[in-house]
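Q: Residue numbers (this note's numbering), protein chains in the order written: chain A, 12 to 416; chain B, 12 to 416; chain C, 12 to 416; chain D, 685 to 796; chain E, 685 to 796; chain F, 685 to 796.
Please keep in mind that the hints were generated in silico from the structure rather than gathered at the bench. Glycine included, C-beta positions come from ideal geometry on N, C-alpha and C. Some hints here could point you the wrong way.
Said to hold, decoys possible - Now the in silico label distances, taken between C-beta atoms and shown as ranges:
no.: 1; chain 1: B; residue 1: Leu416; chain 2: D; residue 2: Lys756; range: 14 to 24 Å
no.: 2; chain 1: B; residue 1: Ala92; chain 2: D; residue 2: Gly768; range: 56 to 66 Å
no.: 3; chain 1: B; residue 1: Asp398; chain 2: E; residue 2: Asp751; range: 56 to 66 Å
no.: 4; chain 1: C; residue 1: Leu307; chain 2: B; residue 2: His201; range: 38 to 48 Å
no.: 5; chain 1: C; residue 1: Arg315; chain 2: B; residue 2: Ala92; range: 41 to 51 Å
no.: 6; chain 1: A; residue 1: Val257; chain 2: C; residue 2: Gly193; range: 27 to 37 Å
no.: 7; chain 1: B; residue 1: Ser360; chain 2: A; residue 2: Ala377; range: 57 to 67 Å
Unchecked claim - Calculated cross-link-like contacts (lysine to aspartate or glutamate; reagent style EDC-like; alpha-carbon spacing at most 16 Å):
no.: 8; chain 1: D; residue 1: Lys718; chain 2: D; residue 2: Asp794
no.: 9; chain 1: E; residue 1: Lys769; chain 2: C; residue 2: Glu402
no.: 10; chain 1: D; residue 1: Lys769; chain 2: E; residue 2: Asp750
no.: 11; chain 1: E; residue 1: Lys718; chain 2: E; residue 2: Glu781
no.: 12; chain 1: D; residue 1: Lys686; chain 2: E; residue 2: Asp779
no.: 13; chain 1: D; residue 1: Lys769; chain 2: D; residue 2: Glu702
no.: 14; chain 1: F; residue 1: Lys686; chain 2: F; residue 2: Asp751
no.: 15; chain 1: D; residue 1: Lys718; chain 2: E; residue 2: Asp779
no.: 16; chain 1: D; residue 1: Lys686; chain 2: F; residue 2: Asp779
no.: 17; chain 1: C; residue 1: Lys194; chain 2: C; residue 2: Glu354
no.: 18; chain 1: B; residue 1: Lys194; chain 2: B; residue 2: Glu400
no.: 19; chain 1: A; residue 1: Lys265; chain 2: C; residue 2: Glu402
no.: 20; chain 1: F; residue 1: Lys769; chain 2: D; residue 2: Glu790
no.: 21; chain 1: E; residue 1: Lys686; chain 2: E; residue 2: Asp750
no.: 22; chain 1: D; residue 1: Lys718; chain 2: E; residue 2: Glu746
no.: 23; chain 1: E; residue 1: Lys718; chain 2: F; residue 2: Asp751
no.: 24; chain 1: D; residue 1: Lys686; chain 2: D; residue 2: Asp779
The chain contents come next:
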Amino acid sequence: MINGADTAWILTSTALVLFMTLPGLALFYAGLVRSRNILSVLMQCVAIAALMSVVWLVAGYSLAFADGTSWVGSLSKMMLAGVGRGTVFGETGLPETLFFMFQMTFAIITPALIVGAFVERIKFSAVMLFSALWLLVVYAPVTHWVWGGGWLAGMGAKDFAGGIVVHVTAGVAAIVMAVMVGKRTGFPSHVQPPHAPWMVMVGASMLWVGWFGFNAGSALSAGSDAAMAMLVTHVSAATATLVWIVIERVRFGKPSLVGAVTGTIAGLATITPASGYVGPIGGLTCGLAGGVVCYLAVDLIRNRLRIDDSLDVMAVHGVGGAIGTLLTAFLMSDALGGVGYDEGTTAGSQFLVQATGVVVTAAYCAVASIMIVMIVNAVTALRVSADQEREGLDFASHGETGYNL
Amino acid sequence: MINGADTAWILTSTALVLFMTLPGLALFYAGLVRSRNILSVLMQCVAIAALMSVVWLVAGYSLAFADGTSWVGSLSKMMLAGVGRGTVFGETGLPETLFFMFQMTFAIITPALIVGAFVERIKFSAVMLFSALWLLVVYAPVTHWVWGGGWLAGMGAKDFAGGIVVHVTAGVAAIVMAVMVGKRTGFPSHVQPPHAPWMVMVGASMLWVGWFGFNAGSALSAGSDAAMAMLVTHVSAATATLVWIVIERVRFGKPSLVGAVTGTIAGLATITPASGYVGPIGGLTCGLAGGVVCYLAVDLIRNRLRIDDSLDVMAVHGVGGAIGTLLTAFLMSDALGGVGYDEGTTAGSQFLVQATGVVVTAAYCAVASIMIVMIVNAVTALRVSADQEREGLDFASHGETGYNL
Amino acid sequence: MINGADTAWILTSTALVLFMTLPGLALFYAGLVRSRNILSVLMQCVAIAALMSVVWLVAGYSLAFADGTSWVGSLSKMMLAGVGRGTVFGETGLPETLFFMFQMTFAIITPALIVGAFVERIKFSAVMLFSALWLLVVYAPVTHWVWGGGWLAGMGAKDFAGGIVVHVTAGVAAIVMAVMVGKRTGFPSHVQPPHAPWMVMVGASMLWVGWFGFNAGSALSAGSDAAMAMLVTHVSAATATLVWIVIERVRFGKPSLVGAVTGTIAGLATITPASGYVGPIGGLTCGLAGGVVCYLAVDLIRNRLRIDDSLDVMAVHGVGGAIGTLLTAFLMSDALGGVGYDEGTTAGSQFLVQATGVVVTAAYCAVASIMIVMIVNAVTALRVSADQEREGLDFASHGETGYNL
Amino acid sequence: MKFIIAIIQPHRLDAVREALSAVGVTGMTATEVKGFGRQGGHSEIYRGAEYTVHYLPKVKLEIAVDDHVADKAVETIAQAGRTGKIGDGKIFVIDLESAMRVRTGETGPDAL
Amino acid sequence: MKFIIAIIQPHRLDAVREALSAVGVTGMTATEVKGFGRQGGHSEIYRGAEYTVHYLPKVKLEIAVDDHVADKAVETIAQAGRTGKIGDGKIFVIDLESAMRVRTGETGPDAL
Amino acid sequence: MKFIIAIIQPHRLDAVREALSAVGVTGMTATEVKGFGRQGGHSEIYRGAEYTVHYLPKVKLEIAVDDHVADKAVETIAQAGRTGKIGDGKIFVIDLESAMRVRTGETGPDAL
Ligand SMILES: Nc1ncnc2c1ncn2[C@@H]1O[C@H](COP(=O)(O)OP(=O)(O)O)[C@@H](O)[C@H]1O
Ligand SMILES: Nc1ncnc2c1ncn2[C@@H]1O[C@H](COP(=O)(O)OP(=O)(O)O)[C@@H](O)[C@H]1O
Ligand SMILES: Nc1ncnc2c1ncn2[C@@H]1O[C@H](COP(=O)(O)OP(=O)(O)O)[C@@H](O)[C@H]1O
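Chain A on its own, in the form it takes in the complex (with noise of 0.2 Å):
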């Protein structure tokens, strides 16, 4: 039966998860890039919603959630095939067209997190092709073990919000990208700051509040675990914030916005795994952990792999996700104010379910994303010319410029 109260609850997420993408993400991507380039991050990010949206109602959801095998589900739910009007969703009280939207703006911020890797020189249409592509042949998968009944469900894997199904598939994906599609012209001595660092702070206050939605909401329930999920999301960013203003003081004597911002981002993508299984203590773990090794993995991937994933999609969400992944398995003991295990598994137990997870999910994503890219590669060329990188993508891309002041 349908229960209001979680309904409810589950519409103000759906719209939450929206928002972290349209105009959180876009705006926190967009303030990251050069003035000239604005527009085309604005564009990839409204694209992406509108094209993986139809996706997700022709295929992505019944590859992700239909009934199928261990590793992928059928094409039975295709065009929502059989969801009617008053279908309730599995043992929740939620009507599955709420489940099927409120997982939507999953299938929609994934891809859109993938972005930060290729700005300022990716061709618009090699962003649709492979985003479609990817969809359908890494996130809607990936869906299915973990969250679809598949056989990472099936060992016992937590991962409550999406740590291993959003954060490190994308962060995984922007590496590949990063390194197939090219350095940026200039990278990494060129390089340079935020065009709009106050646009990068409402764009990640804007996700701050929209992952209250992603995290509480995936409790799929208007209770207890809703709200200690969002305790812990909470105090994990709340953390990971103070870790990078910290750590930057020290460094630079001067903390910046941005890097502020980033480590709250970091908390995020950190708790998001974790933040239906622990207690303060996990939120405080998390942010704490998140925040350093992020920060280290930026360095890291920046500065001495020197890979231009530009906007550190792989050193913020992709680490973060992993780190929260592996630390679920010690924090949600119920001496740390955890839910608790399992029958019969312990916390190594389930630290090598997790560490399963997060390899083979990495492994899976990485060589498929090589071949997506490839196909759009061979379709569309990745890059844009030397001169329309240089003119700009705003201009060159989409015919329009961002500020006419």
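We have chain A already, so just place chains B, C, D, E and F with the ligands on it with the hints.
A: Just chains B, C, D, E and F with the ligands, lined up with the frame of chain A:
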């Protein structure tokens, strides 16, 4: 009896619909004008929100929803007379105060939509006076016809969330205003592109998210109807976005951001009347139809008829709302996943009712709007002086400048 | 037992109130300063949000809400000790973790409000230290007095959503800070108009929407009380907006956007304490009174007393909150559509209680804030150097620049 | 050759540019500037007080022309830029020693 | 007549303008510019790394003056603009052939 | 001394600056400007129609140099700024009467 879950969702929806106007629509419009008029647009939106709220409390709500004739409500609920803290609204599980509030957010956004017709040249006092009169003379009665038990409701007209009530009325009033206020100096040859496309996108994103409250909130309950309304709303928005992207890509080689999000709004306006009656196929159809027809309508009104409905209110909202209202007659068929027809009704008979609703409302709105504009013109001029128009309304009417970098 | 509907609404309200600070208040304030200080304001807001969250978890919540004396709570709920996933809060139907979160968003915005007093010249470390101490020494005890079963609660003081707890405390602390930190170089003769009035409006709009969570959420349930609180909140905001528009129109011939939305905030602050106790007439009255008196207060403090409470925190929030608290004594009368008086209470006796609350809180807050500022001044200076002030805090304190077009 | 520097009202830019075009001057460079002069500034309203902003927005045009075109160009700017109100701006003429087109390296009047 | 071009620190603009006013020079045109010079640039922080921004914001003043006022004006700008720190800027003087007031068509020193 | 005014493509700024540095010219002032010329403008798309924007963004460099450096500087700018496409810009040279460093009051070539 008050239903907590429904109340929770409508409290949320009320916040979402207010958010559509403030700051959603305000930003959508402000980004489209020149930088010297940005503040005036924002000011018109916020002042309309304030004034309509008071007018709605004093008499608007009563004229729309207090028992009266087929044509208009009565004055018996002026100042919410007789509506106590505990009064339940009709058959719903909502406090009447909440129904009042939810409806008020519609009464705010409808006159605010009309702003798009006369930006960059209108006198501020004319906006205020026009909006207040229009709310009482056009909006409140039409609302009564459709949702307050008036003659259109009696005929069985289907307008779930305001295709007729909100979008057709706003569109028609916009054309009236555009013609009677006259063109902007320099239209159409010297029109300048939007001063801040990024702001247009942010506003459109907020409208998209807020529209979940608008349409899914119009179910007045937290259940299957709200969920399906949210789903079809989203699908239509996504589809129409893609339609504009494809059209511009084909026609100019470059899809623009402003074009894409204009498509979004067209899709949202089109699905609005249908959102409670149709299924996913209805959503796709409204998105396709709304996307294509609104695109053509922009071209027709702006480039062929040369009417300076500056931000295309009629072409996007009026036309979208009308199409959606008419399509509802077919898409509500249960063969297409809709709710099916009332007893004794067929697609054909429903279509006649829908068409009657659109035509009679448009005609009434046109005549009444013309008369209101004439009154406003007599009381206070409609337009600022040519000098003030050139200087920009921000400084001329409000003593401020938008960007002081 | 946990009530799902109430939980759904308070989960939503928590998101709304966080949204008020991030990015609402942050943008409202950032648009008011000069462009070279925009990032510092945003940074102060986000860093306060992060730090207050941790402080609230560690000790703030416990001092406010754990059973203690009349004057302050105890340390028994530090780190949420004893509060489990399933713990229900008091007589409500809410998980205590959710009540903790909802209240935390108030504990974030209150110190963030004070930021308006010392922008463009404060040291970042001073903000951090001051806010943390102030939360523990002023905010937590006062909250205990009013909402935690302390002496003001015992006297029957009515402060629904924080006229005393939030606005009076923030306003008084703001004046203390403004005086002790000293004026900005050039105040008042060389004050410059807000660098981005559009941003001020966007922030104010978000505050307006978020305030629905603040006031209607303070009902802690999804029913008639929440609905009426939302209604009167909105009516007061709308009325006060119109009041400022009318005043500026009469005085200068031009109503300004910044003025209008300042009126909005004044109306919102004024209704806050009254919002759970009054009817529509109460909303109108608070809007009128708050609009007029706050307008006069800005003039008094800024232009006559020449205190550089830079963004008028005392005049808008402190004065608004105090007026609303006092007016509650009359407007709660059932003759005016309010909830009526507790047994044995009259308007007069209630007024004395309300006045006692305002005066004692203001006095305590003033003394405690002065002492805290003295400590902060001893530990880290309050102000940046004159050179840094001139250069702008964005670069001087955070190594970034706001606009890189 | 001469180098003409003209300060004009922003809203006259299109008119001036079109007028110059009509007399054969098509190349020029425009900059948004802040003008201080007799026109004074303007006052903005901020929360119950008026604040003076001392400058007004103007547009500066820089135009390199061959000697024999200079007078005509100045005259054209003056006519097209004139509204008759205070603050219409100034036209300054400076001697230009040399000019070069970057693309081709051409010099002298050919470069213009 | 002379055409003075002064590059100054942005925060000295008000002081310079007021000082010039005091010696009778009230008309001028200001532009926000990017200065490259000995002062070098500054470094901004971005996610764990420092990036060098090569330029610094400066204000350029352009002032047409009558010959006999030129030296006084230059001296005044130098004094009011001086902070003694590197990056205070430069003052350049160029010969001005002619000037015209757009509004009236007046030419020569009367146009200033 | 000479006062060089160069209009160049925005994306050549770094190259030009570095080339000038290499020949010993390190001081200069840059401004974002709008260029009108043969290159024409560009058209932007807005809701189903194309609108012409008449100008193109350019960067103006102003560089005061000692006489003997002038030719070398002009040459350097031309080479580093050249892409060979229309719209590469212009270099103008004007005679500079005097220069002063604000910080020290030094004048003449020493001030540069
Ligand atoms: N001596 C001057 N040198 C440079 N620019 C000047 C000078 N005098 C005025 N201007 C510029 O010309 C503009 C108009 O001058 P103003 O004195 O206000 O009116 P008018 O052009 O009618 O004489 C000013 O805003 C300023 O930009
Ligand atoms: N040769 C030059 N030509 C034009 N502008 C210059 C020149 N040298 C310096 N400037 C301008 O003057 C500013 C200050 O010069 P800089 O060498 O940094 O310090 P200082 O003024 O103390 O000598 C620079 O930022 C630049 O705008
Ligand atoms: N006569 C002129 N005076 C001043 N600036 C000019 C002149 N002609 C061109 N410019 C500037 O030079 C830029 C390039 O000129 P353009 O004619 O488009 O191409 P090209 O440099 O290849 O000749 C223009 O955008 C404009 O800024």
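Q: Go through the numbered hints given earlier and state which of them the structure violates, listing their numbers in rising order.
A: 1, 3, 8, 10, 11, 13, 15, 17, 23
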